[in-house]
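Numbering (my numbering), first residue to last: -8 to 169.
Note that these hints are calculated values from the structure, not bench results.
Fair warning: there could be bad hints in the mix.
Now the in silico label distances, taken between C-beta atoms and shown as ranges [what the hints assert, rightly or not]:
hint: 1; residue 1: 99; residue 2: -8; range: 52 to 60 angstroms
hint: 2; residue 1: 58; residue 2: 29; range: 22 to 30 angstroms
hint: 3; residue 1: 131; residue 2: 99; range: 25 to 33 angstroms
hint: 4; residue 1: 49; residue 2: 11; range: 18 to 26 angstroms
hint: 5; residue 1: 5; residue 2: 37; range: 49 to 57 angstroms
hint: 6; residue 1: 58; residue 2: 14; range: 21 to 29 angstroms
hint: 7; residue 1: 36; residue 2: 96; range: 52 to 60 angstroms
Predicted, not measured: the structure shown is a model, and the values here were computed from it.
By construction, the Cβ of each residue, glycine as well, lies at the ideal position given by its N, Cα and C atoms.
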Amino acid sequence: MTHYETLGVSRDATPEKIHEAYRLIAKRTHPQNTGNDKKLLVIFVGATKAYKAIRLPEDRKKYDLELQLAENPPMQNPVVKQASQKHSAPQKKSGVLEYLTSLEFFVSMILSIFLCAGFFVYIKNVEMKERIKNFNQETELRKSLGCEKIYPEYMYPGDKNPNIGCRETPVHKRKYTK
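Could you put together the complete structure from these sequences and hints?
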């Protein structure tokens, strides 16, 4: 049901006729006049909505255009549809996968796997170089402090009482006095 039908006016009605039709409906259905009658309240709300949608000329033009598009959607006429297809640019396919053949897709997936594997190997190589550098620095520090065990404790798996860290004098060489 259109707003014109709700107000009981034709599409070419003047703004004065639209206003008069709304006033008559509002008088009969306004909640102050009818109490709590829900059916009349629904009619009043619908009429108010319709009046607000078509009372101003700009709003009315917009609403008329929406009605016209709803009644006669573009491209329904086969002649118009064919003519528009001839003059329009070819539609581009969207999405990367639509452009790739199955062989191209397979090759790109294999390349992606090799790139990921290569990056993983590179990262592990960098980590290993960092660990070796830290190990060498720790060994040099132990040598400079004069530790008997110049390697970290984890390098002596058979050591029953490993020293934690490096002391200037190893524990087993200390002399205890009483």
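Hints and how they fare:
1. 99 / -8: 52 to 60 angstroms: The hinted range 52 to 60 angstroms holds for residue 99 and residue -8, with Cβ atoms some 56 angstroms apart.
2. 58 / 29: 22 to 30 angstroms: With Cβ atoms ~29 angstroms apart, the hint holds.
3. 131 / 99: 25 to 33 angstroms: Once the Cβ atoms are compared, 48 angstroms apart, the range 25 to 33 angstroms for residue 99 and residue 131 is violated.
4. 49 / 11: 18 to 26 angstroms: Hint holds: Cβ distance 21 angstroms, inside 18 to 26 angstroms.
5. 5 / 37: 49 to 57 angstroms: Given a distance of about 21 angstroms, which is not inside 49 to 57 angstroms, the answer is violated.
6. 58 / 14: 21 to 29 angstroms: The hinted range 21 to 29 angstroms holds for residue 58 and residue 14, with Cβ atoms some 23 angstroms apart.
7. 36 / 96: 52 to 60 angstroms: This hint holds: roughly 57 angstroms between Cβ atoms.
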